[in-house]
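Q: The chain contents come next:
2 protein chains.
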Amino acid sequence: MEALQLVYAVSFFSVIIAFAFAVYLHLWVRRQPARNEKIIEVSELIHAGANTFMRREYLILARFAGVAAVLILILLPSPIWEGDVLPNISMTIAYLAGTALSALAGKIGILVATQANSRAAEGAQQGLKPAFLIGFRGGAVMGLAVVGSCLLGVMAVLMITADATVLLGFSFGASSLALFAKAGGGIFTKTADVAADLTGKVELGIPEDDPRNPAVIADNVGDNVGDVAGMGADLFDSNVAAMASALVMAQALDGGSGANTAMVFCYAAIGLLASIIGIACARVGKNGNPTQALNSSTYSTTMIFILLTAAATWFLDGFEWRIWGASAVGLVVGVIIGITTDYFTDDSKPIVQKVAHASQSGPAFTILSGISYGFISSLPAMVGIAVSALTAYKLCEPLGEGYALFGIAMAAVGMLSIVGMIISNDAYGPIVDNARGLAEMGGLGEETIWVADELDSAGNTVKAVTKGFAIGAAGLTVISLLGAYMSEVNVALAEAGKELLTGFDIMEPTVFFGILIGAGIPAVFSAMLMLGVDKNAQRMVAEIHRQFREIAGLREGREGVKADYDKCINIATEGALKELIPAGLMAIIATVLVGFIGGPEAIGGFLLGNIVSGLLLALFMSNAGGLWDNSKKYIEAGNEGGKGSEAHKAAVTGDTVGDPFKDTAGPSINTQITVVSLVSSLLSSLFAALSLFG
Amino acid sequence: MEALQLVYAVSFFSVIIAFAFAVYLHLWVRRQPARNEKIIEVSELIHAGANTFMRREYLILARFAGVAAVLILILLPSPIWEGDVLPNISMTIAYLAGTALSALAGKIGILVATQANSRAAEGAQQGLKPAFLIGFRGGAVMGLAVVGSCLLGVMAVLMITADATVLLGFSFGASSLALFAKAGGGIFTKTADVAADLTGKVELGIPEDDPRNPAVIADNVGDNVGDVAGMGADLFDSNVAAMASALVMAQALDGGSGANTAMVFCYAAIGLLASIIGIACARVGKNGNPTQALNSSTYSTTMIFILLTAAATWFLDGFEWRIWGASAVGLVVGVIIGITTDYFTDDSKPIVQKVAHASQSGPAFTILSGISYGFISSLPAMVGIAVSALTAYKLCEPLGEGYALFGIAMAAVGMLSIVGMIISNDAYGPIVDNARGLAEMGGLGEETIWVADELDSAGNTVKAVTKGFAIGAAGLTVISLLGAYMSEVNVALAEAGKELLTGFDIMEPTVFFGILIGAGIPAVFSAMLMLGVDKNAQRMVAEIHRQFREIAGLREGREGVKADYDKCINIATEGALKELIPAGLMAIIATVLVGFIGGPEAIGGFLLGNIVSGLLLALFMSNAGGLWDNSKKYIEAGNEGGKGSEAHKAAVTGDTVGDPFKDTAGPSINTQITVVSLVSSLLSSLFAALSLFG
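Top line first, the protein sequences correspond to chains F and S. Per my numbering, residue 3 is the first one in the first sequence, and the count goes up by one each step. Per my numbering, residue 3 is the first one in the second sequence, and the count goes up by one each step.
Hints are supplied without guarantee of correctness; some may be wrong.
Given that identical chains are not distinguished, each listed pair holds provided it fits within a single copy or across any two copies.
Unchecked claim - Dumping the calculated BS3-like pairs for lysine-lysine here, alpha-carbon to alpha-carbon at most 27 Å:
#: 1; residue 1: K203; residue 2: K635
#: 2; residue 1: K580; residue 2: K131
#: 3; residue 1: K396; residue 2: K40
#: 4; residue 1: K537; residue 2: K203
#: 5; residue 1: K537; residue 2: K651
#: 6; residue 1: K500; residue 2: K635
#: 7; residue 1: K651; residue 2: K356
#: 8; residue 1: K569; residue 2: K396
#: 9; residue 1: K131; residue 2: K569
#: 10; residue 1: K564; residue 2: K645
#: 11; residue 1: K356; residue 2: K564
#: 12; residue 1: K500; residue 2: K131
#: 13; residue 1: K356; residue 2: K40
#: 14; residue 1: K109; residue 2: K569
#: 15; residue 1: K203; residue 2: K645
#: 16; residue 1: K537; residue 2: K351
#: 17; residue 1: K651; residue 2: K635
#: 18; residue 1: K500; residue 2: K396
#: 19; residue 1: K580; residue 2: K356
#: 20; residue 1: K564; residue 2: K651
#: 21; residue 1: K651; residue 2: K203
Just so you know, these hints were derived from the structure itself, not from any lab. Note that the structure is predicted; figures quoted are calculated from it, not measured.
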């Protein structure tokens, strides 16, 4: 047990450093000058708007979580009428802790991001270097808060209960929040974006961030709630899920030694430390390329992780090299997935340029070529996940029974180890995006806007990479959740005195039944979210039209006349949450139905089908969205006819289709998959006891 | 063996009736008047163009088939150096027979369709009833030829070799042809359609079927080679595959009795007879609604099949009611899938109207809502396939080991039993579509064009239904192909003295590896086809521009000046075959790679992933394409602003995206899946012998 205690100490220490460093970075950001009154005013509006959304979101979540908590208390891990109530209480508390910690991290991230945006805008007056640093460090606070609280929470649950199964409750809590934050935030951000574009750019022909547009603040709020809070919650969720499933298996394998559990914590702690080092060292180099700065800090974090974990494996007893290999493979494949995503979405590479060129024949060809390349772009990542899972399995198989699946779980832990760095990169995007808008609204001049544009463009490219990474990591994680599900089911089956499952055979009709239905769910889920954006945007467009009609002087931009920004924020908020709930319920109800009809085996198939089609669609939609966005930017940079040309109009259509693809539906599929996986694990004992064909 | 001989006799008898009836219908069609010289001329151009394409296609196919035949001769069912050469010769001959019979059926279908189109155009002058009958009966010749030659071929192979495994060779032959006919024809038809629309409607503002447009004949040829020959080959392929896999299992279950084999043939023969009755009775009723006429003959065929098979099961020894139930469930679910497809694609139903309404906000919203409803529309069919497979399995499980999978195969046979009727309905579409064009080119007057329009619109609606049906049937068929693959692999494993497979466990990493990669293939395959259409259309647009530039008087429509239609047909032909081959090879090479890396288990997973994502994407693309097409028609009928409005422009964009979705990529996925399944079955002994991780 010595190694385990040492590792707990190291983990705790790295959490403390992470929090301390986050506080330092936050104070550093706040120390940066913010003087322009106009900018401060708008920035405060954005901050207030984001708070409005999050308060409402958390209120609805609280009700949902309350219902879920009562159900967990009664039913899980086993119905209270069947015996001990203590495990149920632990599970419930863990669930609530999962939602609360994730919510807290999101709240902190938003706070800092909305302070960093105005400072980055003013920093851009001084040049690329200081502005980059403000944007990046503002994002890093979110990254550190997420990973630190994740590690702290997992550690606390395990130290208090000594039962890794309780972590599934914690993980389910994180998933509940992620569903609201990512999918709700995704609907919010695209509602505002679409409505602002339709009324502003298309109808009135005013610039993107013109303050006359009542949706402009909502649009900027959307970037924060969608990309900062949403993406953070998504990766918090994946990270917790990866650790939870690895720890469930580790505990089963450990027997007395604790070496495997120690290894999971050790690697997670090293990942956090590596991210801290990477964040501390990130700078724009001499050539002044922010994309390169973001990428190279990711690569150096990766190298540091691989070296430090090798050192730990060398020094610590019971740490296996094969498992180290699995985690390294996971991380390397994650980075490769990121690079191939970049190939498909970077406007200096041929694919984006081809789509831009096709746009000359009209919007149908923008769409067709974008969908086609989006489909093709999903293959490398699918192959990458397949290869890393197979390699991790085969590497760890010789260690004994159960180790092969543990290897896959550790590949996921490895892939997610640098998640602190990934979130920092990702949260950088909306901060500098906001900064660009603020620079325009504050009238900081063309040169400053150019600097902000440069920073923003880097944010877009890196965002595609981190999204590919996040989806890949979620893919590997859910494979290990499948393993976690099977062990949960077997505990339930053993208690019920039924035959244990040894796997899920495709040729079993219940499994096949589950697979087909499971594969349909992500398609329907993402469709419901996209239709939700559409409906909600229509509501907001109506409100904008009303304001232009009823507020005298607004359209002309008369001095002192202000749009009612709050109304738009309220519409986006209410609509987002209203449209989200049916989609989430659909996924959960389908799971429950399949479970009660086909039993535990059908659920195994259901999860598989869900993972496979979910991965495919998530990769397709994220990448297609990214490539449309950048091919529009490529044309706006003066290619294929430039701004205002027919090709540009077609590219704008592509971008409008791509927006809900990449910011609402695509990345929300991740959370749909984890929610469904965890619901399955949590209800496994019920499915084992009662089902029609099981 | 008595029942088997009786059934052979009945099958042979029904094939004779089918052929005789086809000849009668063909002669009947030819007896209908064709007097308008202009129409005859154009119709002959279409006929010649279709022949050009098919000759080239068959030439390329012959080379491909030659290579495949040599490989089969050397390697299959087992390498010739390992023993008997006779089975390899049978397999090779069966393969060649499969390609030849399917090719012949396609040739006949095209011949009749290109004779029926001009007669239907002139028939439209007399009214709806006679024109409908010409269109429908012209299509029925194709339906009868396909199903008759399919049944005859399967019977001949089995009677000569007495070995159902040889049927896999026959089935592979049918699949090879289907790949060329469906995917190649699909690229051809959309190349011509897109190029004709872009240059004609968009650039010049001339009507759809204006003879000045050099692509107009190619466009009409495309309808025939894509929908008549292509769809026929696709359903020939599915039908053969369903029968082959059912017969492989039946033979293994039969022992001495032959009852199961008899049952397969008996049901197939009854399906053919039911289709003949349905075709003979099809008429437009008093209310004169052609859609209803097509649908009601489908329903009556379904009823006749269910009743006749019940009678056969009652009277014949060894016919099991449970298996009858499985086939009935398959057929009923097929019809239900057709009806739900109709719900999503019929312009009198809400979905199409919602998409039309969304088009008012611009093309991005046409696309977004169409994609969303397309995604949602895939779920009912997925659930239907899942439910029918589960029900068939559970129904037949009590009959003994192996019967459960046989039940699924019989559900597929049941679903495909009325395929004669389905093909007739489907081939009706392009005939009346052509007729509409001919009526316009021949100047037959507005009333005739209105009649032709009515017939055409019915063809569009029914096409969506038959496509849903075809995809559903293919889905069930490939499940049984998965079973066929497993028995093939086990024969090979037994010979190699290795452990037999009892199934494919998702938790096995090689299986999982295969699943992920298999799921990516249909996306890449369809993307390659769509990009191929795009590239090819650009070549044709360049040629059209050249003709307008170089042929004096063409643009103005000067008397006696003719476009060089052949050039466009040649471009479409060459391009289609050139773009198709990489996509087909990609799928086959991926199969071979996965097989040699992961072994037979990985291939099991690969097939599953391929089926699941293939079904999802095929349903999504076919339905989305159908709904865009019909929402454009709905707007053109005067809704949401009518023709020429912004909504109409947006709907045209949707339709242009939807065309390659529904006519190229979506339905070609079926053949990609069967090709991959059969390659896997054929190479199973190689994968069992040599693989990296297997």
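Q: Within, between, both or neither: how does the pair K203, K635 come out at a Cα-Cα threshold of 27 Å?
A: within (15 Å within a copy, 30 Å between copies)
Q: Given a CA cutoff of 27 Å, do K500 and K396 count as a within-copy pair, a between-copy pair, both, or neither?
A: between (30 Å within a copy, 20 Å between copies)
Q: Between copies, within a copy, both or neither: which fits K396 and K40 at Cα up to 27 Å?
A: For K396 and K40, the Cα distance exceeds 27 Å both inside one copy (60 Å) and across copies (70 Å).
Q: 27 Å Cα cut-off: does K564 pair with K651 within a copy, between copies, both or neither?
A: neither (30 Å within a copy, 36 Å between copies)
Q: Within, between, both or neither: how does the pair K500, K635 come out at a Cα-Cα threshold of 27 Å?
A: This pair counts as neither: shortest intra-copy Cα distance 60 Å, inter-copy 58 Å.
Q: Checking K651 and K635: alpha-carbon separation at most 27 Å within a copy, between copies, both or neither?
A: both (12 Å within a copy, 24 Å between copies)
Q: With 27 Å as the alpha-carbon cut-off, assign the pair K537 and K651 to within, between, both or neither.
A: both (23 Å within a copy, 21 Å between copies)
Q: Classify it for me, K109 with K569: is the Cα-Cα distance of at most 27 Å met within a copy, between copies, both or neither?
A: within (22 Å within a copy, 65 Å between copies)
Q: Between copies, within a copy, both or neither: which fits K537 and K203 at Cα up to 27 Å?
A: within (20 Å within a copy, 32 Å between copies)
Q: Should K356 paired with K564 be assigned to within, between, both, or neither, using CA atoms and 27 Å as the limit?
A: Neither way: K356 and K564 sit 43 Å apart in one copy and 35 Å across, limit 27 Å.
Q: Please work out whether the CA atoms of K564 and K645 approach to 27 Å or closer within one copy, between two copies, in both situations, or in neither?
A: neither (30 Å within a copy, 40 Å between copies)
Q: Can you give me the call for K651 and K356, within, between, both or neither, at a CA distance of at most 27 Å?
A: both (16 Å within a copy, 24 Å between copies)
The structure does not agree with the numbered hints 2, 3, 6, 8, 9, 10, 11, 12, 13 and 20 stated previously, though it agrees with the rest.
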